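Using the hints, put the two chains back together into the complex; each one sits in its own frame.
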Amino acid sequence: MNIPEPQSPLPGVSVSTDQGLLQWISSVDHKQIGIMYLLVAFFFFLVGGVLALLMRVQLAVPENHFLSPQAYNQIFTMHGTTMIFFVLMPSVLGFSVYLTPLMIGANEMAFPRLNAFGLWMTFFGGLLLYFSFVAGGAPNAGWFNYAPLNEKNFSGSSGIDYYALGLFLSGVGSVATAVNLIVTILYYRIKGMRIKRLSLFVWMVLVNSFLILAAIPPLNAALSMILLDRQLNAHFFTTGGSALLWQHLFWLFGHPEVYILILPSFGIYSEVFQVFSGKRIFGYGFVAASSVAIALLAFGVWMHHMFAVGSGLVVNGFFSASSMLIGIPTGVKIFNWLATMYGGTIRFTVSMMFAIAFLIEFTIGGLTGIAFSIVPIDWQLTDTYYVVAHLHYVLIGGSFFGILSGLFYWFPKMTGRMLNEKAGKWFFWLFVIGFNGTFFIQHILGILGMPRRVYTYPALPSYGLYNFISSVSAFIMGIAGLLLVIIVYHGMKYGKKAGNDPWNGFTLEWMAASPPALKNFDSLPVVNSRRPLWDLKHPENPDDE
Amino acid sequence: MRRFNITAETQRRRGIDKIFSASPRLCGKNYLDKSCILLQSMLHPSSDQAHSIYRLFNRFNIAAFSMLALVIVLTVYICIKYRVRKGEERTPAQFKGNNKVEALMIGVPALLLLYFFYHTIATMKAVEPNMRGNTQPDVIITGHQFWWEVYYPQTGVITANEVHLPVGKRLIMEMRSADVIHSWWMPELGNKMDLIPGRNNFLTLNINQPATYAGTCSEFCGAQHAWMRLYVVAEDSVTYTDWLAANAQPASKMAGDSLIAKGEQIFQTATCGECHRIQGTAAQGNEGPDLTHLFLRKRMLSGMLPLNEANLYKWINKPQAVKPGSYMPDFIFSKDTLDALVHYMAQLK
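So the sequences go chain by chain: W and V. Using my numbering, you'd call the opening residue of the first sequence number 1 and step up by one each time. Using my numbering, you'd call the opening residue of the second sequence number 1 and step up by one each time.
Just chain V, same shape as in the assembly (with noise of 0.2 Å):
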């Protein structure tokens, strides 16, 4: 697959960057700052899969835009020339038709509908190769309503949301559901791929610049579907290589603070662990986002809100009033068990 210098195709977007957005997208390691704004547009590819089929779609509106201008003119022409003006009496002249005419109006667009198949042939088989038997995945994801868990196999990391990748590298993402069905979508690394309960996909991705990738659900999914947000953060390998050891670590403790030791056995009595898991206590469960490294993260409920313990409390106290259809019930927690399972919660890093 060819490679592409970036700062040449940077400046050479420049001009689309002025039709579609006010500022330009980059997002460095302080992604999801309030500065820091993320456009998810398909016209700012940033993978290898994303740049080839940007280049269809660039010959794809040059063809289509030239047809429709077409149209317009002989429309506009026909009417304009033939249009009965005032008093006027005629009879127009009765043809039946003309072979010649309809063998064109046949022949042109199946000549190019010949070239862009051929382009869509070459350009699937750029995004999705052949694996050749070659699926041992980097990174599995699984969709859940309403989030994304986030699975290394070979280091056994587990998160939730926000996909930490390697930049420069062919990765194989296997793609699965926990329920129903859920559609992945990066616009600027490329393909949308479904996951489907019962079945296995996968996708290959190259991503040829480290940045913070904003993407969405793009399968109607239940309630929450516009809040199935999710993020790629594309790394060097050295700090994905930190990343990635720093998540394989148990749940850090912070001893001899009370507060924390009292959230920790809220945490573990109010059946909070049935759901959700913390590496290296006895919460392991899967129904709703893994909470290990919880504070690594950047936003909380699928990219609805910033996260911090503000946001945290107020989800705890009343998660349907903050988000209604997602399965976290309403429970009926005291100021001070809500303080200490949020003081808890804080220092999972």
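Chain W with its partners taken away, still in its complex shape (with noise of 0.2 Å):
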């Protein structure tokens, strides 16, 4: 079957075999743009990830003069924004701009150029939050930059100035590229590829598209806001104003974008647990809705972020039942992909062992999940260290996982090379270690009555050994960040070739060769399952739908 394909040849620079930066930077092309957003997420992770450690570093021993309160307070802002915003984001972002066309069977985005404007957008959006280090002193109000903290007479440098700017224009982008991959996803499916039909992965791209669409404006509309008060002095959030409207606007979108960066992982999941277990994913229908029911009910829950601000019974126990009816389409989630497994023939790849320590930790992050949405737990533990560890567990357990996997999986599609899988088990080993040993022994410091955002301790029982526990453990993963690097860059240089299919993949994109050429496909088959290479290769038993 032909592919449809553009009339008029694509903007941009006239890509040649010279794969030159030039080229690079002025490309429009879906992959090369997939890939530059997992690039750039790639560099400010090792920012990101080096900040982390200088807290680590701070917090190590109690009572610790390593770091001024100022910069830790600096870093600690910092290390936030920069991984929600411009390491998780982007990474989900590319991993959906790479492979929603090559799992539809289209050749591109349905906007090429705006594809490309929502990749510098975000790229740009982070060099200028970056540049407040240069400006006279980064943001230090948190990542979360409450009110009436983040004002000029009680924070004076231009740092929360340029967070907002940053996160507004990473924001437009981001916007940008969800529309582009909904228009993308609804119009240009190949034939035969019915919605019904879309790859789990996709799904979630367009569930996910959504969520996007709705989440970032309160936030930008928060931004604006933050300025017309620091640039202007408008009264938006302080007397006159109120501090408590910061707080809606920005978990109105600050919850959904948590569910934002974990469900194109959750895609990803997904499309692994299929391959590596041999397997047809067990209840699609069930996946598929269940990520609708935590999209819509993501939009009702923000005030969970809330509950010691003093409101009363009713609002707290409504957003109480909302956030533990979350739980429930979550633990569809992680049964149904047990279920997938169940029967299977389970091949430990890389990508497959993320996959699987996902279940247990984001189960952990989950359960915690749960503690929050009951009030008067939340009543104790919120702004602990409990927290801190409650949310790294979604966010790295949940999400990162996803990306680490996705990338183990695709990256022979993406570069016609393989990572090495025995390196990458050393990794992973040591990343699951240094995770856990880092973020589980912060549950208990919570409990123990630790606040988060501290930039020290006093030595009361315990705090000491468990602070430190966790920053050797912290150290275990920055180990692992510089093996990944290390094992990154073999696989590109001299990674063993691929081939178009390396794992017996089910989904269109094996179909491509391994690197996809401009034209992604010259024809594909009719597709009618949702698995049409597992049809190809088993005609005696093609899937019924």
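Just so you know, the hints here were simulated from the structure itself, not pulled from any lab data. Keep in mind that this is a model prediction, so the values were computed, not measured.
Think about it this way: if two alpha-carbon atoms lie no more than 25 Å apart in a straight line, the pair counts; the simulated DSS-like pairs of lysine-lysine are:
1) V:Lys314 <-> V:Lys335
2) V:Lys262 <-> V:Lys318
3) W:Lys425 <-> W:Lys497
4) V:Lys81 <-> W:Lys425
5) V:Lys314 <-> V:Lys253
6) W:Lys425 <-> W:Lys496
7) W:Lys191 <-> W:Lys537
8) W:Lys191 <-> V:Lys96
9) W:Lys422 <-> W:Lys496
10) V:Lys96 <-> W:Lys537
11) W:Lys196 <-> W:Lys537
12) V:Lys335 <-> V:Lys318
13) W:Lys493 <-> W:Lys422
14) V:Lys96 <-> W:Lys196
15) V:Lys318 <-> V:Lys298
16) W:Lys537 <-> V:Lys86
17) V:Lys86 <-> W:Lys425
18) W:Lys497 <-> V:Lys86
19) W:Lys497 <-> W:Lys519
20) W:Lys422 <-> V:Lys81
21) V:Lys298 <-> V:Lys253
22) V:Lys349 <-> V:Lys253
23) V:Lys86 <-> W:Lys496
24) V:Lys169 <-> V:Lys125
25) W:Lys196 <-> V:Lys100
26) V:Lys314 <-> V:Lys262
27) V:Lys335 <-> V:Lys349
28) V:Lys262 <-> V:Lys349
29) V:Lys86 <-> W:Lys422
Written as structure tokens, this is what we have:
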């Protein structure tokens, strides 16, 4: 079957075989843009990781003087902001724009130039944020930047102005990419690729793009308001306005945001579990529908970040119930993935190992999430190290493990070369051990009364020891991060040739060359089910839908 | 609200002590001494409110650990049983799904959540009872960057950072903020409450056991958020009343000591009184902590250092070196001036 192709040539510099820097920068090809998103994420991951290690050095022993309080507060703010907006966000968008056209049998995104626009807005947003360091001081009020601490009289440096501008820019880029993805998925599917036959990764991208469209505007509104407050003495969040207004706007964005970061990872796991178990997904409809449920509920739970602001029983009760409900579709997913593995032929590739580890790590993060929906427990544990542990279990153990799983899974497609599996397993174990060592013990620190965002702490019983264990483990993660840099570099230079379909995959991207040509596909078989490649490989037993 | 037999509770929790701390807590009158180790763990509930939350937390932990164990066991079992062995060639059966299994996956968690939702509401009602319009607070706490103002409206007593409260009485605490958002958190006494500018929040508290409790500001509030700690000294009603009466007096003045007189004069002329209050003198500022009975307190700088003359000297000499980012400016005082100031302040009891 022929693939629809744009009539006129794509805008931008004509692509030759010479993949020079200028060619990359001017590219509007979705594969190159996807890879550049991932490179941006990788760059900021290294920066954010160094910031994290600086924090762990400062906290390794009680009453440490390694960092001044002012430096520490800038570092923890930049760590959180970087990891959320410039590591996880570009990672999920990178996989989305790289894979979506390939998986639906299209040759390009619907709006190639808009795609490039989205990427560069994100990248320049990040640079603008980091420019604050040389412009007098980085933002220092935490990644959620509560009012009125974010006002000029409490935070005098221009850091928070750069925070507002940087996040605004990258937010505009994300909205553009979301529109692009929605249109691509709805209009550029190959014949036979009905909505009900989309791979689960594309399903998650679709749901996620709607989430981005609805979640970013409240953030951009709040960012504009704080800029007006700081630059023109408006009073949105000070006397005459309301400090709580910031929290409402921010978390109306912020809670959907954490689902934006994890839904594409859910999509990655769904592909990886199927391929490395040699089975089709268990309960396709339930996995897809549970994501829609999560996306809808995401907008009705934001006040569980604010249970201690003194709202009444009715308000807290409502948001408690809605937050608990999130646990049901999430649990459905976990058990459907387990059921997908059940009875399969499980191959322990690095990609699969991250997916399996995710099941347990994310269950821990999910259960501590339920703790925060139980209002009285939240009253004790909110804003403590228990939250720090919880959010890292969902963002690393949930979202970031998915990105790593996806990296090992699709790297052969992106570069034509394999990553070294043996070194990858070393990386896996170092990273998982370091991760659990760093964060599990922080649950206990929170229960023992250690608040988050403190540059130091008194030598209360166990505090010193537990923090020291956490810091040492963080350095194990740091070593793992270095190893990943080496593995990726080695893979690009010397990796084994991959071939088109190294994992015995099920979805259309494995029909393209590795790496795919500028035109992804010349022709594709007729799509009759959710796993077109399975049908080709098993004509005796094709999928029924 | 239910009363608790403290001895039995303490006995029962001894196991937890072993896991979470090396030494038991018990700080009586000599609180904040070196020998006395304060914990601030939610696993040592000492108020009705904290007990309610603690019981709910235990229930939650049982359910959560069971769920986690189930996922771990299933994952490990499936991984071992269905791993591909060397040379194995097998095409697994291709299930589509099973609605009965899905119903189970939805039904069981839904029932569990219903159970916890019921207990959430019940516990919230116990911890934050409807005050039926009775919002006459016993204590008003005002958060400042980076210290706690403590005001007792019935007696007019003002102090800072160390909150004396009576045991066995239902207290209403009002929470306010003078600048940014802070949060009151005494883990052994129950729930947090944010202190938000432009908003008055209320907290009810029934403390069970006389002791000193440690807590901290738990909403990030700026440079010295880490050293915005606080203490609650819970006392029987006689001790508490005595303490209130002593603190209601204006500042004591020892006559005849020329160094004290000199110190007081410096305090009044060197703009200290613009920010600090000493009851009974012209110093009536409210930007910094009240100093009327400073040396009745045990620690200084919101828990950062033990309160003694040496530390006070160090602090006034170079505040920004001791607690960088706090609002106390660096003055340039001579040694004589500092000696007189510290000497004067040391008799504020």
